[in-house]
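Work out the full structure, taking the sequences as your base and the hints as a guide.
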Amino acid sequence: MKNKYALIGPVLLLLIWQGVSSLNLIDSFFLPSPFTTLKALWAILNSGAGLNDIASTLQRVLISFFIAVCIGVPVGLMLGVSERVYRSIEFIIDFFRSTPSTALFPLFLIVFGITDASKIAVAAFASALIIVFNTAYGVIHGKKSRILAARIMGASSFQIFRSIVFWESLPQTFIGVRNAVSLSLVVIVVTEMFIGTDQGLGHRIIDAQIKYDIADMYASILLTGIIGYLFNVIFLFAEKRFLRWTNK
Amino acid sequence: MNNAISIQNLQKKVNGVDLYSNLSLEAEKGGITAIFGPNGCGKSTLLNVLSGLAKQDGGEYHLSNLQRFHFSYIFQNYRESLLPWRTNFDNISFPLQIRGKDKAFIQKKIDTLMSLFKTDFDLQRHPFELSGGQQQVVAFLRSLANEPTFLFMDEPFSALDYENSLRMRESIQTYYMEHKPTILFVSHDIEEAVHLADQIVVLSKRPTTVAEIIKNPLPYPRTLVTLNSEEFHQIKNRVLIAFQKAAKL
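Note that the protein sequences, when read in sequence, are chains B and C.
For our numbering, add 236 to where a residue sits in the first sequence, where the first one is 1.
For our numbering, add 439 to where a residue sits in the second sequence, where the first one is 1.
Worth flagging that the hints you see were computed from the coordinates, not collected in a lab.
Take the hints with a grain of salt, since some may be wrong.
Simulated pairs of lysine-lysine, DSSO-like, Cα-Cα distance not exceeding 27 Å [stated by the list, open to error]: (1) C:468 <-> C:494; (2) B:380 <-> C:494; (3) C:494 <-> C:644; (4) C:540 <-> B:380; (5) C:452 <-> B:379; (6) C:644 <-> C:654; (7) B:380 <-> C:619; (8) B:380 <-> B:275; (9) C:644 <-> C:452; (10) C:494 <-> B:379; (11) C:619 <-> C:540; (12) B:379 <-> B:275; (13) C:452 <-> C:687; (14) C:619 <-> C:654; (15) C:675 <-> C:468.
Far from chain B by the CB rule (all over 12 Å, computed), these chain C residues [stated by the list, open to error]: (16) 454; (17) 491; (18) 550; (19) 664.
All C-beta atoms, glycine included, are put in the ideal place defined by N, C-alpha and C.
In C-alpha cells form, the structure reads like this:
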C-alpha cells in the first residue's frame, strides 16, 4: 500500500519532464527528453568507462564515509559525555558545519596533493562533523533517568557508558550517519569536477558538459541521484533493523 | 537501635521555598513504610534525597548498612528507567550483569523471580511490546534481582489494574517474608498503603511535616480475608481521617 504511493513522485516527475519536452518549452538541446536521457543512462551502464566512473565514485564515498564514522562516532560520544568540553568546542564544530566544505578543497589539495586522498579527506571531514554533532547531541539530550537508575544499582561509569549512554544516543547517531553518507556523495561528486580526476561521476558530468553531450550529462546527474537515494534506502532499512526498540 | 532509615530535621527547598524545613522519620529494619500525603508534598523528593539523587538543604539522614548493589529504587516513571534496547530478560538481569554474575546464576535467579510473580509475558521480547502494567512488573522484577536490603518504590503499581495490583501485592509479600528487605514506598492508594505497610506515614500539605504515623500490626501475609477484616477497615479509616486533616479537606 505504502509502496504504491511511493511511485507517484517519480512518475509525476517524468510526466512533467516529458510534457516540458513535448511542448518544446525548453530547447531539446539543453533539456533532452526523458527517453533520450534514459537511453544515455542505459549506455553508461553498459560501457566499461561508465561502470568505472560509478565504481570509483562509490569507492571514494565509501572510504570517506567509513573514515567519518570511525572518527565521528567516538569523538561525538566523548564530547557528549563531557558537556563542558562540548560547549568549549561547539563553536568550531558549528562554524565548520556551516562552511561549505567544498570551499576548503583548495586547502586540502595543498595538504594532500592532487590525489584521491584530498577528495576523500574533504568528504570525510565534512561527514565526520555531521556525525560528531549528532552523536554528541544524542548523548547530551539523552534521558538521564536510565543513567540514574543504573547508578543506583551500583554500575560503574564505564558500564553506564557502554550499556546506556551509547544506546541512548544511537537514534540520533543514526540520523547523523544517514546525513553523512549523503553529504559524502555530494562532496565527492563536486570534488571530482575539479582538476586531477580521470574517473568518477563528477568528472563525467563536467566532461559531458564541456563536450556538449547534454544527454550524457543529465544521465550522469540522474545516476548520482539514484545512488544517493539508494544509500538513503539502505540506511533507513538498517535503522528499522537496529532501532526497532525505539518503536516508531 | 534497630532503625534502617533515620531522618532528622531534614530540610529541602524547591525554588527557594521550603518543601519541608524539619522532617523527621524512622523506619525499622526489615519493615515496610508507606508514605502517603497530598499532591506536591514532596513524597518523591523524599525518596530522591534518601537515595542520593537530590541533595538536602539541611538536616541529616542515615541508611544503616547500605551496600553497593543492594539498593533498589523503582522510579515513578518506570518506562523511562527500563532499557528499551534490551529484551525483558536482559532488563531484569541488568543489575546482575553489572555485578558480573555468570549466565547460569542469572538464569536461575530469573526463574525464581518469574515463578514467584506468576507473570506470563515473553522474556525474549522488548519492553515496548508489553503493556504499561507488564512494563511496571519488569521494572519491579529488575529491582528485586539483586536482593536489595533497601527497596524504594514510587507508586509501584500505578499502571496495574486492580486485579493485577492485588496479585502483585500478594507476590511482593511472599518475597518480603522470605528476604525481609527494608521497604519504603510512596502510594496514592490508601488500600494499597495499608495492605502492604506496617507503618503508614501521613504527610501534611506544604510546608510538609509528618502529620501522623499509623501502625499496622496485622500479620503477613495479608490476604483478601485480611482486606475484609474489621481491623483492616479501622486502620484504613484512621489513615483516611489523618489524611483529611493533613490535606485540610
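(message) Hint check: residue 380 of chain B vs residue 275 of chain B, CA-CA at most 27 Å. Holds or violated?
(response) violated (56 Å)
(request) For the pair we were handed, residue 380 of chain B and residue 494 of chain C, check the Cα-Cα distance against 27 Å. (result) holds (17 Å)
(request) Mind checking the alpha carbons of residue 540 of chain C and residue 380 of chain B for me, to see if they're no more than 27 Å apart? (result) Satisfied, since the Cα-Cα distance of roughly 26 Å is no more than 27 Å.
(message) So if I understand the rule, the pair passes when the alpha-carbon distance is 27 Å or less; does residue 644 of chain C with residue 654 of chain C pass?
(response) Holds, at about 21 Å.
(request) Would you mind confirming whether the straight-line C-alpha gap from residue 380 of chain B to residue 619 of chain C stays at or under 27 Å? (result) Violated. Residue 380 of chain B to residue 619 of chain C sits at ~31 Å, over the 27 Å cutoff.
(message) Given the hinted pair residue 644 of chain C and residue 452 of chain C, is their Cα-Cα distance within 27 Å?
(response) holds (14 Å)
(message) Tell me if the straight-line CA distance from residue 619 of chain C to residue 540 of chain C falls inside 27 Å.
(response) holds (23 Å)
(request) Below or equal to 27 Å on CA atoms is what counts here, so check residue 675 of chain C against residue 468 of chain C. (result) Holds, at roughly 23 Å.
(request) Could you check that no beta carbon of chain B comes within 12 Å of the beta carbon of residue 664 of chain C? (result) Given a closest Cβ separation of 36 Å, the condition holds.
(request) Please settle this one: residue 454 of chain C was flagged as non-interface, so is its CB more than 12 Å from every CB on chain B? (result) Consistent with the label, residue 454 of chain C stays out of reach of chain B, its closest Cβ about 20 Å off (over 12 Å).
(request) Verify the proposed pairing of residue 494 of chain C with residue 379 of chain B, using a straight-line Cα cut of 27 Å. (result) Between residue 494 of chain C and residue 379 of chain B the Cα gap is close to 20 Å, so the pair holds against 27 Å.
(message) Check the hint pairing residue 379 of chain B with residue 275 of chain B against an upper bound of 27 Å on the C-alpha distance.
(response) Roughly 53 Å separates the two Cα atoms, so the pair is violated.
Violated hints, in rising order: 7, 8, 12 and 17; the structure is consistent with all others.
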